[in-house]
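*Asks:* Sequence:
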Amino acid sequence: MTSVSYLGELRENARPLAAASIGSGSGLMVAAYTTSIFSPYLIGQFHWSRSQFSLIGLTMFSTLLVMPFIGRWTDRFGVRPMALAGALLLPLCFLGYSFQTGSFPLFMLLSASVLATGSATTPAVWCRLVAENFTRARGLALFIVTGVPALVGAILPRLLVVINDTWGWRWGYRALALFFLIGGLIAVALTPPQEKGLDREDYRSAQAAERKGAFREILRTKAFWIITVAMMLCLLPTQLHAAQMVLMLNDSGLTTAMAANAISAFAIGAIVGRGACGLALDRFQPSRVAAASMVLPAIGYAVIATHYGAVPVVTGAMLLVGLAYGAESDLPSFLVARHFPVKWFSSAMSLVFCGILFASASGALILSGMLRAFDSFAPFLLLSAGSVMAGSLLFLLLPKTAAAQEELEPADTGMSPQAV
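Terminal number for the sequence shown in the numbering used here: 433, no gaps in between.
What the hints contain is simulated information worked out from the structure, not anything from laboratory work.
Be aware that a few hints might be false.
[To be verified] Taking CB as the label site, the calculated pair distances span:
1) P412 - Q58: 48 to 54 Å
2) F387 - A27: 48 to 54 Å
3) P206 - R296: 29 to 35 Å
4) P412 - S389: 37 to 43 Å
5) V326 - Y19: 35 to 41 Å
6) G115 - R229: 42 to 48 Å
7) A27 - P118: 43 to 49 Å
8) I168 - L292: 22 to 28 Å
9) T268 - R229: 48 to 54 Å
10) V285 - L122: 32 to 38 Å
11) A270 - R296: 38 to 44 Å
12) A270 - P206: 42 to 48 Å
13) G181 - P325: 29 to 35 Å
14) F387 - T268: 19 to 25 Å
We treat Cβ as the ideally placed atom computed from N, Cα and C, and that holds for glycine.
Throw the hints in and build the complete structure from the sequences for me.
*Replies:* This is how it looks when you write it as structure tokens:
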């Protein structure tokens, strides 16, 4: 089978690329940019403490229960069924947010439901379309898929502030629910009905043969543990990117309006970071690209912790954090696709995500304790800087070449996997 050019691979697979991009841009990844906008409104109305509110990160443990199943079911049944479930269930959770009356346990339950149902809209599902359709331009394709949520995240926070201030935060949640529903259904409609070039019966037979040993083989590989532990260290401060972002920026001396602008800078940085990382992954040694990309938040967190009230400096630091946030969305998908067969992609990604989510939930516990002890985000920011530095250096231990290469299947372009 003749090979296609770098950009030709994008043209040939425009439909799955569009489906994955729209699906990611109307799923859980967008929530990372938008949920923190509601934090000041909820705390102000319901009088929750900041240390109490930081416990919301514990809801990430709910994802640990469902993510392995989502990964295996995606590998077994395909992207479309899982994506449809996420497109229908995630909006219902955000609609539920709009009816809350101040019960913090109910808010925790809704947040856990968002993460559990939203797991079906994450890269573990959507990036499988990239893994199975792209070889030469895989990094660029991942940039496009994960860049759309960042682009949406650069726009939505300002719109939500307007909606919340004009009609109330309940209507802001309802607007988000409608956005997720429409975007998710469009993405599902664009998703190819089955894996490209594979007969459905042959595909099911192949998956049945692999199912029992997939997780065991994945857990035995050195690359899996390096990727997972490095990402865990780098993403310990995940809560600072989500519900705590506005509160953290308020703590650094920014008003809510200034914080919205800083979040936009964060989102713009994420777009640039995704583009730079995606293009670099296609051209340079992935382990070095990963290390260079992920070290940036260490600088950003340290700056935010030590420059109270310096709006331009803090906004610039958020741009640095955003640059790495863009990269961290591409890296797990690219590295898993590089070191594992496509038939195990979603399974391996689900396990990596479990590690990431465990680290994020643990970070929430640490953050809550530090807020109670110091009533400031600064100590946790400095801890995060050290953790991110260690994680970024760990990527340098990855094998220089892919240790586990996939067998060429009809879905491949005919190129050697080493072309990754």
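*Asks:* At the C-beta level, are F387 and T268 separated by a distance inside 19 to 25 Å?
*Replies:* Given about 22 Å between the Cβ atoms, the range holds.
*Asks:* I want to verify a distance hint. Is the separation of the beta carbons of V326 and Y19 within 35 to 41 Å?
*Replies:* At 39 Å between Cβs, range holds.
*Asks:* Could one say that the CB atoms of A270 and R296 fall in the range 38 to 44 Å?
*Replies:* holds, 40 Å
*Asks:* Given the hint of 42 to 48 Å, is the C-beta distance from A270 to P206 inside that range or not?
*Replies:* With a Cβ separation near 46 Å, A270 and P206 satisfy 42 to 48 Å, so the hint holds.
*Asks:* Evaluate the given range 37 to 43 Å for the C-beta pair formed by P412 and S389.
*Replies:* holds, 41 Å
*Asks:* Determine whether the Cβ-Cβ distance between G115 and R229 falls within the hinted range of 42 to 48 Å.
*Replies:* holds, 46 Å
*Asks:* Range first: 29 to 35 Å. Now tell me if the beta carbons of P206 and R296 are that far apart.
*Replies:* About 34 Å separates the Cβ atoms of P206 and R296, which means 29 to 35 Å holds.
*Asks:* Lying within 48 to 54 Å: is that true of the beta-carbon distance P412 to Q58?
*Replies:* holds, 52 Å
*Asks:* Kindly confirm whether 43 to 49 Å is satisfied by the beta carbon distance between A27 and P118.
*Replies:* holds, 46 Å
*Asks:* Could you tell me whether the CB distance from T268 to R229 stays inside 48 to 54 Å?
*Replies:* holds, 52 Å
*Asks:* Determine whether the Cβ-Cβ distance between G181 and P325 falls within the hinted range of 29 to 35 Å.
*Replies:* Because 32 Å falls inside the window, the suggested range holds.
*Asks:* Honestly, do V285 and L122 meet the 32 to 38 Å range at C-beta?
*Replies:* holds, 37 Å
Comparing the model with each numbered hint stated earlier shows that all of them hold.
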